[in-house]
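Asker: Please model the entire structure based on the sequences and the hints provided.
Chains as they are written, first to last, in our numbering: chain C, 7 to 297; chain U, 529 to 962; chain B, 49 to 635.
Incorrect hints may appear among the rest.
Below, a list of computed lysine-lysine pairs in the DSS-like style, where the Cα atoms sit at most 27 angstroms apart [said to hold, decoys possible]:
| id | chain 1 | residue 1 | chain 2 | residue 2 |
| --- | --- | --- | --- | --- |
| 1 | B | Lys396 | C | Lys284 |
| 2 | B | Lys562 | B | Lys535 |
| 3 | B | Lys535 | B | Lys465 |
| 4 | B | Lys465 | U | Lys571 |
| 5 | B | Lys396 | B | Lys438 |
| 6 | B | Lys465 | B | Lys562 |
Sample of chain B residues facing chain U (criterion: CB under 10 angstroms; computed from the structure) [to be verified]:
| id | residue |
| --- | --- |
| 7 | Tyr74 |
| 8 | Leu76 |
| 9 | Leu192 |
| 10 | Glu254 |
| 11 | Phe282 |
| 12 | Ser287 |
| 13 | Glu289 |
| 14 | Arg332 |
| 15 | Ala403 |
| 16 | Glu407 |
| 17 | Glu505 |
| 18 | Ala571 |
Facing chain U, according to a computed beta carbon distance under 8 angstroms, are these residues of chain B, among others [claimed, not checked]:
| id | residue |
| --- | --- |
| 19 | Leu78 |
| 20 | Ile182 |
| 21 | Gln280 |
Quick caveat, the hints were computed from the structure, so don't treat them as lab data.
We put the beta carbon where it would ideally sit given N, CA and C, even for glycine.
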Amino acid sequence: MEILAQVALSGFSVGAIYGLIAAGFSITYLATGRFNFGLGMWVMLGAMLSYSAIEVLGIQPLLALAGVAVICAILGLMSEWVSVWPFRNSDNDLWIVATLAVGLLLVDSAQLIWGTFPLDVAEYLDDRPWQIGTISVRSQQVLILVAFFAIAFSYELLLRFSTVGLVFRAVASDPKTSELMGIRPRKVEIAAYVASAAIAGVAGFLIVPIVGAEANIGTALGFKGFAVAIAGGLLAPRGALVMGLSYGLIEALITAYLLDSIKDILAFSLVIVILYLKPFGLFGPPQGEAR
Amino acid sequence: MQMSEGRTKLSPAVIVTVLAFLIAAVFVVQQSRIESGSGNEIKIGFAGALSGPNAFLGQEITRGAEIAISEINANGGVLGQELRLVVRDDEHTPAKTIGLYRELVEREGVVAMLGATNSAAMLGVVPQVNDTYHIPVICPATDATDITENTAAAEGRPNYIFRVGMYGSGQANFMVDTALDKFGFDRIALLTWSGGWGTTGRGELLRRLAERGIEPVADETYSAEDSDFSPQLLRIRESGAEVILNYGLVADNAKIMDARQQLSNTTPYFSAWGVAGRAFADAAGSSAEGVLISTTVTIDGPQSNRRQAFIQSYKDAFQEDLKAPVFAVGAYDAIYMIAASIESTGTTDGEQLRIALEQLPDFAGLVKEFDRPPFSTERHNSMAEEDMLVTRMSNGELLLVNFDETGPFVEDSAGTAFRLNKSNMSLIQDIARQ
Amino acid sequence: MSFFQSYTFLILAVFLCMPLLVSGTYYLYLFSLLILYSIAAIGLSIFTSATHKQLFSQAAFMGVSAYIVALVLQALGDWNGLPAISLSISVVILAALASAIFGFLISFPAVRLAGPSFAMVTLAIAWISWSIAIQWQPVTGGELGLREFFPLAKSEVEQRLFYLGILVAFLGLILLYRRVFSSAFGLFHAAYRDDAIALAALGVRESDFSRLLLFLATALAGLAGGLFALQQDFVNPDSFEVFDGVLIAIAALIGGLRNVAGPILGVFIVFILPEFFHNLAEYRLLFYGFLVLVILNIARDGILPSTRDQAWRHKSNFNDSRNEKLTYIEQASSLEIIGMSRNFGHVKAITSVSADIREGEIHGIIGPNGSGKTTLLDLVSGFVERDEGKIAINAYNVSEQGISDHVGVGICRTFQKIRNFEGLTCRENLLVALFAHRFRLSLPGMCRSMFARHSQEQESLIAEHLHAFDLSDIADVDAGNLSQGQKRMLELARVTIVPPRVLLLDEPTSGLDKQEIETLKQAVQRCSQSGTLILLVDHNLSFVSSVCATVTALSDGEVIASGSPSVVLSSQQVVDVYYGGLEHVDA
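Answerer: Written out as structure tokens, the structure reads:
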């Protein structure tokens, strides 16, 4: 029981990161039908920038968070300009490859700037674990979960109650008509990419004390976040978040009760099975009704 | 559709021009390569990872070798000629390594090589080197046992592959034996990286444990890109293990240290040489305090004058601290070994060099000052099991663990001794703050 | 073969022979990598150019086959001389087949997926197979892999012979590629690329076709992987990482997908060119990144895009000697739609609609926007599954599901938004329909299509039909360059060249001028006279009342009136629905 609680805690805190990254994919897909395939590299970028800001420049974590989000958002926008927008009408989904190419640029640049060795970032609140009952909790895990629910909650509010959410949904369902209604889809698209890159940067900021800052951490995180987004349903923003938590938990359970070495094999096979049964994801629309 | 068709219509002439340009490029590059190849110098080749996650391996080897070569050249070179290191990036991929060995030997005319950074890649090129190229290759980094104990060696044919670093079976034997005999642990848990090197290491550890008649109380693996390791550590704690034996790399072990700290897991942690060096201390921070690491070289604690000189020239040359000394120091020694054998035979013939290496009477290396022949016809690993070291992470330094009649102790640079026992072996962080 | 093709082929052959002229084995090695990765990239281009989906798992399929070759050869032990060569060749072919079967199995969950999900699945497969290669140590040898199983290509002379072998195989493969792509299959491929739904509406099952393409792609990857294992005499997981699969995709994309030379050039740039810039190793990923962005931004379709040189355009000899006649389907005397219903979520699109169409009759469906007209056509043509209701032809129930099965029983349709194969000429558009009729509905049929060329009979049938639809003058113009009216006529010509039993027309008059509507009317009537039952949906009431014998009016998914045009159009309910809104505004 103690193990289960501990495993669940760690599963959920990793899953929250997957969920955030998946939300980053789903936001832009919802608004534009495309996304930044190399979003994992923005997570890496967020992690590296957090290292520089906090460990090198000694900036307060909260300020650093803002800085990281802004820089990631700006770079995300720039990448949208060169790797997504030019390919909006291409028939081979060229934006997938182009955004991946930007990701490669980021990885190599990060390796040139920060070197090849992993760098340590201290936990933001307390470097010592907290004992809660029988389980011991890292302050960073608490921070991740709190941030996850805060972001998930505000995302939900935004989609539901503000005009921003309405505009998003309008553009998503019919870009032509919404243009006639005076909404500029281009602006919505830019907003979506800014949000997506910023969320990825924040995910990097949150996870860096746990995984360390290294140029290659984005690949696996980004890919798992992507798998989560697809399995949850790219058109279902809540699906991405829920699926993220579940995916993290499943991974942790496989490691704890089955065999770690087959964890990825099992988890990815599960995603493929989900897509076989529900091609638009677990929380996506039923077959034949998606856009 | 229409537009793109019109815009992209290509005439055969354009395509032919493109291809012709490429053909010309190939030949121009090839030609210039041959021209630059002439000159009064002896070339030593190295193909290893210089990009990607393993780039630090290739970087350290290159740097160690460059220091040795510039020292040798400053002292007049070898046989009156300058040494030159020809470096290639194999991206840690065997297919690339195999191709680059052809290029370095056939087109660059290197007389000897430093071994690659990837064990699998080395295994891939061994037949080529032994059957066709016949030039000595000295490995500072790769530790798969079969690299030196290869087919040619088994069949009694000349074996051109040498090693100055750890070798897999020896390291596993050393770790298991040290844990059992020197530290007196009985209940052993394994925690290994499920990636390539870790899986191989796990196999070696299990083999040695079986040979010693010991059943590990836990056998856990993890993926390097995982961010959480508590399930494994909890299960190890439940098993009542007295020591954790680990095969892993810097980044994953740094994360494991955090998880140990979270769970207040003070089980002594004994890791293979993948984390030997300052890089691990930097990545893990204070939570790595007390970790035991098996290695061939540590540059912390009391050092010989030559080692100190090397550390200083590294710092001067590259404006950085030496972070993964095993590889740099190994490469440095390998270059001196090659130079010594060229000097003693007076030729650069591969066959002669191999024999000379096998017959070196002694070798004052940085890894170890051998007062015996480092190699023999049968033995191509310079380091034997008894030459390996166990070190302990203490205040960010990897201090050599010495053993006397009362037990293990470490000695810091100032010469202060600190006795180790089962209870303070792996005190997380607290020692660091004392 | 055209002048251009033989020219490129010759240049390529000479280029690939060059390493045989240089001493040493380094260039042999590089160029054999070029050939092997090219085979995998060409496989990818066959799949991606038609389906427009990214396939990132080619390296994984290479790995599957490479491991099979290594394991089998290792198990077979020492062989020498000629038997060993033929043994190795057959093992490679078997391994390629195994890889293709693996690909075919994976197509079951994969082909239905949209682009991004498909890309994700291919990445997941690459990851899974790489992980298995590392973890399944007793069989795969783990990270250290398998080695020294192919003792034949060791000395320099042997390596030259080996290279010559794969070079000949590669050039043969290119000739075979050209041959296959100048067949009916090649035409299907081009048609699928242009408009998969229109091809499905001719009865070619979309999923079967993309499954076949995936089979071919993975077979080629498997061939490359098997040869790779022989050439390396060593396999380990590092050669088949996820990133290697991505690189193969990048290579094919920047080279150009629609041309066999494109992937080869792409592989040269991505895999071989960096070999000549050793000093810049640290900037390798930067190089790839910039390269992809720059090339794709300049040349959307790659460096060597479509050469507009598809072989069938140049065929003047018709070598299909079989005197195969078009099998006309027995004509239908009635179509009954009984109690058809369909809901989308909470929206009732169609509620128990029934209609009855008799021999020689043209039946019109009218109704305001959103009344469910197009949904009704979608239901009858199998584009949308029906919740309830039956369709019966000659009083036999049509139990089939899906578009192509409906085509199989003779129900064909056109689309409100015209669907033609815009990259193909009018003549070719009709040829696709004839081929589709001959090969559709079965995977074996599609495989046979790889060896079929068009015949003199087909040619003259097409000429007749083009003439009947007034398209003779523009027979060799690309469908994408036609006027709206011509496009509509071409679409109609395409679905009627094999006379269907039931023809469904969705808004045939939209976008047409008066003259064109007149031509359309004649064509529709001609079609009806030849015995096809016609159900048409249209907004143009005067057109409907002039061609249709009976009319059904829909509102909010329900039938509100049915009968002869004059009766229906004057019925109060129809008038209310059509003009009621205006009166309310006025009031």
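Asker: So, for every hint listed, does it hold in this structure?
Answerer: Cross-check of the supplied hints:
1. Restraint check for Lys396/B and Lys284/C: the C-alpha separation of about 23 angstroms stays at or below 27 angstroms, so the hint holds.
2. Between Lys562/B and Lys535/B, the direct Cα distance comes to roughly 15 angstroms. Compliance with the 27 angstroms bound is thereby established for this hinted pair.
3. As the CA atoms of Lys535/B and Lys465/B are separated by approximately 10 angstroms, the hinted pair is consistent with the 27 angstroms bound.
4. In summary, the hint linking Lys465/B to Lys571/U is not supported, as the alpha carbons are separated by about 69 angstroms, beyond the 27 angstroms threshold.
5. For the given pair, Lys396/B sits about 17 angstroms from Lys438/B by alpha-carbon distance, which is consistent with the 27 angstroms threshold.
6. Between Lys465/B and Lys562/B the alpha-carbon distance is near 19 angstroms, which keeps this suggested pair within the 27 angstroms criterion.
7. For the restraint placing Tyr74/B at the interface with chain U, the shortest Cβ-Cβ distance is roughly 4 angstroms, inside the 10 angstroms limit, so the hint holds.
8. Among the interface hints, the one on Leu76/B holds; its C-beta lies about 8 angstroms from the nearest C-beta in chain U, closer than the 10 angstroms criterion.
9. Among the interface hints, the one on Leu192/B holds; its C-beta lies about 5 angstroms from the nearest C-beta in chain U, closer than the 10 angstroms criterion.
10. For Glu254/B, the interface hint is violated, since its Cβ never comes within 10 angstroms of a Cβ in chain U; the closest pair sits about 20 angstroms apart.
11. Hint status for Phe282/B: holds, given a least beta-carbon distance of 4 angstroms to chain U, under 10 angstroms.
12. A distance limit of 10 angstroms between C-beta atoms decides the matter here; for Ser287/B the minimum to chain U is near 5 angstroms, and the interface restraint holds.
13. For Glu289/B, the suggested interface contact is upheld, since its CB lies about 8 angstroms from the closest CB of chain U, less than 10 angstroms.
14. Here the hint on Arg332/B is kept, as its CB sits about 5 angstroms from the closest CB of chain U, short of 10 angstroms.
15. This hint is violated: Ala403/B has a C-beta 37 angstroms from the nearest C-beta of chain U, more than the 10 angstroms allowed.
16. A hinted interface residue such as Glu407/B counts as satisfied when its beta carbon comes closer than 10 angstroms to some beta carbon of chain U; here the least separation is about 41 angstroms, so the hint is violated.
17. Taken as an interface hint, Glu505/B does not check out: its beta carbon lies about 31 angstroms from the nearest beta carbon of chain U, beyond 10 angstroms.
18. The interface hint given for Ala571/B is broken, as the beta carbon of that residue sits about 26 angstroms from the closest beta carbon of chain U, more than 10 angstroms.
19. With its C-beta approaching chain U no nearer than about 6 angstroms, Leu78/B sits inside the 8 angstroms limit, and its interface hint holds.
20. The closest approach between the C-beta of Ile182/B and any C-beta of chain U is roughly 6 angstroms, which is under the 8 angstroms cut-off, so the hint is satisfied.
21. Evaluation of the Gln280/B hint against chain U yields a held restraint, the C-beta minimum of about 6 angstroms falling below 8 angstroms.
Going through the hint list in order, the structure does not satisfy hints 4, 10, 15, 16, 17 and 18.
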